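With these hints in hand, go ahead and build the complete structure from the sequences.
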Amino acid sequence: MGPINEWWVSGFDGGEKALIGFSTPYGEYYLMEPSEAYAPIMEAVNEKIFVSKLVIEFILEDNALTYEDLLNRLQTTVPLKGIGSLTEDVLLRHAQFVCDRVLSFDGCADASEDLLITAPCMRSLVKLAGVTFGKRVAMRRQDRKDFKVRKTKWSCATTTPLVKDVFETFFPEQIDKDGDKENQGPRRRRCGVCEACQLPDCGTCVSCRSMLKFGGLGRSKQCCVQRRCPNMAIQEADESDPEDEEEYRMLSEKVARENAVSSSHKGIRVLEKRDIQWVGKAVKDDGRRKYYAAAIVNNEEIRKNDCIVVEPIDPKKPLFVARVIYMYEDRMGLKRVHGHWFSRGSDTVLGETSDPLELFAVDECEDMLLSAIMKKAVVTYRPIPSNWAELGGVESSVEPIEDDGKTFFYQKQYDWIHGRFENLYPDPPCLREDLKYKFCPSCERLYLQQKFDRPIIDEKLGIVNENREVLFGLVRLKGEEYRVGSCVFLSPGVFRFKNTGKPSTVATKGGADEKVDEDMYPEFYRKSKDNTKGSNLETPSPFCIGRIKTIFTKTNDELVASRDICIRVTKFYRPENTHRGPSLGQQVDLNMLYWSDEECVVNFSEVAGRCNVVYSENLDLSVAEWSSRGPHRFYFTQAYDRENQTFVEPPIHATSIGMQGKGKGKGKGKGKKSAVETEAKKIEDWPQVKKKLKSLDVFAGCGGLSEGLHQAGVVECGWAIENEESAAHAFRLNNPNCTVFGEDCNGLLKLAMNGEVTNDKGQALPRKGEVELICGGPPCQGFSGMNRFNSRQYSLFKNSLIVSYLSYCDFYRPKFFILENVRNFVSFKRSMVLKLTLRCLLKMGYQCTFGVLQAGNYGVPQTRRSPKACQLSVLVDDRKFLTNSRWVMSAPLRTITVRDAISDLPEIRNGHKKEEMAYGGEPMSHFQRTIRGNQYQPILRDHICKDMAPIMEARIANIPTASGSDWRDLPNIVVRLSDGTYTKKLQYLYNDKKNGKSSSGALRGVCACASEKSCDPMDRQYNTLIPWCLPHTGNRNNHWAGLYGRLEWDGYFSTTVTNPEPMAKQGRVLHPEQTRVVSVRECARSQGFPDTYRFFGNVIDKHRQIGNAVPPPMGTAIGLEIKKCIAQVENRAQEDTDMEVA
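Residue numbering for the sequence shown follows our numbering, starting at 523 and increasing by one per position.
Hints are computed from structural coordinates only; laboratory data are not their basis.
Please read these numbers as outputs of a predicted model, since none were measured by experiment.
A portion of the hints provided could be inaccurate.
Said to hold, decoys possible - Think about it this way: if two alpha-carbon atoms lie no more than 25 Å apart in a straight line, the pair counts; the simulated DSS-like pairs of lysine-lysine are: (1) 1535 <-> 1516; (2) 958 <-> 803; (3) 1290 <-> 1213; (4) 686 <-> 1272; (5) 1290 <-> 1365; (6) 898 <-> 958; (7) 1402 <-> 838; (8) 1506 <-> 1519; (9) 897 <-> 839; (10) 1272 <-> 1216.
Claimed, not checked - Okay, the calculated beta carbon distance ranges per label pair: (11) 1560 <-> 1125: 40 to 50 Å; (12) 1125 <-> 1399: 35 to 45 Å; (13) 598 <-> 1522: 42 to 52 Å; (14) 852 <-> 916: 48 to 58 Å; (15) 902 <-> 1400: 24 to 34 Å; (16) 1451 <-> 1120: 23 to 33 Å; (17) 1071 <-> 1145: 17 to 27 Å; (18) 1515 <-> 1399: 39 to 49 Å; (19) 1284 <-> 550: 52 to 62 Å; (20) 1647 <-> 1120: 36 to 46 Å.
Just so it is clear, CB atoms sit at the ideal spot from N, CA and C, and this is done for glycine as well.
In structure tokens:
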């Protein structure tokens, strides 16, 4: 036979098994069945080759799927004879071999194709297993000719002319252009510094033969195939902005300190030599200033309401534009103008994407010298056309403005604090005719806003009590009136409770400072004292609640400063603040309180808002129904005696709270109305709308956002688009009256734009004018920090689906739209996608804004951390835009815990598959009572979980149930697995130079790299209870904190992911007590889905549907805000009608 020249593996084209071959000088040979002596050796070889084959074929099918999807494929594949079950441990064991095979397979790729090694699942594997790439393995030259890698097919974004015009520069390769026959992804760039890039061009590959220096035509523009570096390819694929929340917070705080936002222009260039003359006599002389109607500057006449251009000192800044409000000469003889500034688009959040000729009205004014004026400007208001909705999807007929440096237009008002674009504010009236000559609408608006935000005391009662307190009857703040008898939210900590309501967290085994047996638990030293992720210890407490007894000040002055306003309040206890603590709070309603006769004096600055509290016996409705009819509703049935730690009947005067008439009971007595009744009748209901909006849900998923909007009573879902079959089926199950299109959104839009009325399945397409609300979240894999690695070609395509969504908005022109995505959306590509999105929406004529919402603030058991721990502000181009959420530091209700959410669900085992079962008990918390709903015959559905491999099940069984437990708490022991095999102990053979030795002198390194040497493949260990790969790569990955982590009963779910895997980035997915990962129904509850909500497909499909969904309670909160807007418009229209009739 002769010496063996080369080994190879082939057969990655869907066959049953891969083939192993070798070549000699005399021929090529394939290995068939091994002899009895070689059979044990070949079993291990066949296993790693079979895993490589599955991985490569999996990536060829869809190169955008994640590490979790790869694990699911392996675990659901039936292995060949002689190969055991395929688990994550098997994948990690052969990670180096698999990555080498994938890299070798990439040698078959064309220069224009993406490397398979850069697929998200492969990059995750490389990072987790600590794979290193050495010398490239040689490929058979024959295979390069015979095998062609299949390219991932993806559709182009269908766009309207308006959206195409804005986005074409950003997604040139993904916009569907006429005449394009082939759609290729964006080109990669090589680094130029790595070893592979510094190799000489081979001169023989396709790319080299196209180069000019080798006699080619130079058309390929691709590097030599031999110079493609896998390490750089992986780094280039991971281009996302900071994903770590703590890093984002630190960056945001740094920018906030260094770049304080200023509301006024600075650095105006003043040229004293300009010729300035007044025109005519002064229109008013008030003794301090002389006001004029006009002036001549540089031979141009400037009059009131003219627009002017002002030159900045910094030549890099564009010219400032302002409107003249009035002009005057002061006592020093200086001629000045009061200008109302316009903001250029480049000074807004739009930045460089803005139209250079478009200005925005802002409430910013400034007095400046007339000599600062360069010239007059022409600024025209461009109103929204009356046929605005009919113009969707057509070419713009607006004549472009010539850029002559002095001609501009404006349409919207800009709020520079929150980054909001709104319709122009109406000018407030000038209430004094004699001051019209110097009246500035912008100054007046700012004054009224300051007055609105400042508490103003009124209705002085003329009474001074024994404490020398001057009593008042009313305080106005932010449009609300606070009177004696009003109930108020107060800042947390205003009342001093013996029990704060915080759960007492059980310390991790051994405690942070307590010594543990490091021989038994060798990785425990990696744990720190920091707060555990998923713990509620740093969650802000809810507001304190009190009832105003008196309003007073200590001064008898006519003008009372805000800081001098005080209130005396009667204190309410929340259940968790009583002696029974959190255990009581977890059993009773979230909005239940206890009356007390304790009083407290607080400054009015501690008031966060109004709420409504009633005595439950005074309600005509059930407590649950009454609570659901309006915001911030609380009730009490008993009083709390702190001294005796008992619950007692409330006093007589307390039982009248909420009474609607004479007599106790359901409020049906007759009699004279009392002040208490008047106060009770002021309780606000949610607004009602005459007609629900017809909605179109694009990228609908299983329907989380639509479900929330439906619960708010604001929409009737008419149409939904979802390309994934299982998610589309789930949407149909829950919305039987909705037309669900289970196909590509781009194709549907193209049909609608071409005038088609149905698709090829006969389903009627929505017509223009029918869609009143569009909602949806374009796939976020390219934005989300939950993907360890993102921004590949396919993810770029998914990101371009934002273009498709905006085209739907432009074509149908609904009254409202909701665009939902993950937080990284605002920072992706240096915020370019956000800017272009806003630019499109403004061009369409919409008012728009953006912001970050925490799901935990809306009644689901997810994170609701303090602003210090989770920034709700948004950072764009070193500018910090604040959230316009009413409450940031706290909330009306306490946070929902894991115990609140899932403690009533029956115990199940690993891999439980029974899709319907009995609850086996009553709900134990307010959340559980609400989430179960009013089922006639209660059935628990989808309480199923993934079947984890025996070794993973053993690891889960050995994770303690204490707070903060994860893989670092695993003992280094031998255990018997459920399949009858045994694990091995992890061997520590190297000195870890970073972490030193244990207290007993034991080594801590599992690989030569711990001693700062090169990794040795022979150091890999398999089938150990402590996964070898985690201590191997832990030092450079934050010790893999949270992997194999348990949820805490009194903590919260971290961000719900699409596939709960203990070794994925979001690894804290184990049940708090049971030996399994969280079930589908538990994940659904973490998102706030009702138990009656149906999902479709296998267990992975259902997890994916839930993880990709918007929490319905958040959708409900958004829907209620839309409902308020609709109600205001309807009320205004009714008032106008009534005035016409009168």
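Going through the hints against the structure:
Taken as a hint, the residue 1535 and residue 1516 pair is honoured in the structure, with Cα atoms around 13 Å apart against an allowance of 25 Å. Straight-line distance between C-alpha atoms of residue 958 and residue 803 comes to about 17 Å, which keeps the hinted pair within the 25 Å bound. Restraint check for residue 1290 and residue 1213: the C-alpha separation of about 18 Å stays at or below 25 Å, so the hint holds. Note on residue 686 and residue 1272: the hinted pairing holds, with a Cα-Cα distance of about 14 Å set against a maximum of 25 Å.
With a C-alpha separation of about 19 Å, the suggested pairing of residue 1290 with residue 1365 holds against the 25 Å cut-off. Among the hinted pairs, residue 898 with residue 958 is consistent with the structure: their alpha-carbon atoms are about 24 Å apart, no more than 25 Å. Taken as a hint, the residue 1402 and residue 838 pair is honoured in the structure, with Cα atoms around 22 Å apart against an allowance of 25 Å. Restraint check: the Cα-Cα separation between residue 1506 and residue 1519 comes to about 22 Å, which is no more than 25 Å; the hinted pair holds.
Our distance criterion of 25 Å between C-alpha atoms is met by residue 897 and residue 839, whose separation comes to about 17 Å. For the hint linking residue 1272 to residue 1216, the alpha-carbon distance of about 21 Å falls within 25 Å, and the restraint holds. Taking the beta carbon of each, residue 1560 and residue 1125 are about 43 Å apart, inside 40 to 50 Å as hinted. Taking 35 to 45 Å as the suggested C-beta distance range, the pair residue 1125 and residue 1399 conforms, at roughly 39 Å.
Distance hint check: the CB atoms of residue 598 and residue 1522 are about 43 Å apart, consistent with the given range 42 to 52 Å. Look at residue 852 against residue 916: about 54 Å separates their beta carbons, and that is inside 48 to 58 Å. For the pair residue 902 and residue 1400, the beta carbons lie near 32 Å from each other, so the given range of 24 to 34 Å is met. Against the hinted window of 23 to 33 Å, the Cβ-Cβ separation of residue 1451 and residue 1120 comes to about 30 Å, which satisfies the hint.
Taking 17 to 27 Å as the suggested C-beta distance range, the pair residue 1071 and residue 1145 conforms, at roughly 25 Å. Separated by about 42 Å at the C-beta atoms, residue 1515 and residue 1399 satisfy the suggested range of 39 to 49 Å. Between residue 1284 and residue 550 the beta carbons are some 56 Å apart, a value that agrees with the proposed interval 52 to 62 Å. The hint said 36 to 46 Å for the Cβ distance between residue 1647 and residue 1120, and at roughly 41 Å that hint holds.
Hint check: no violations occur; every hint is consistent with the structure.
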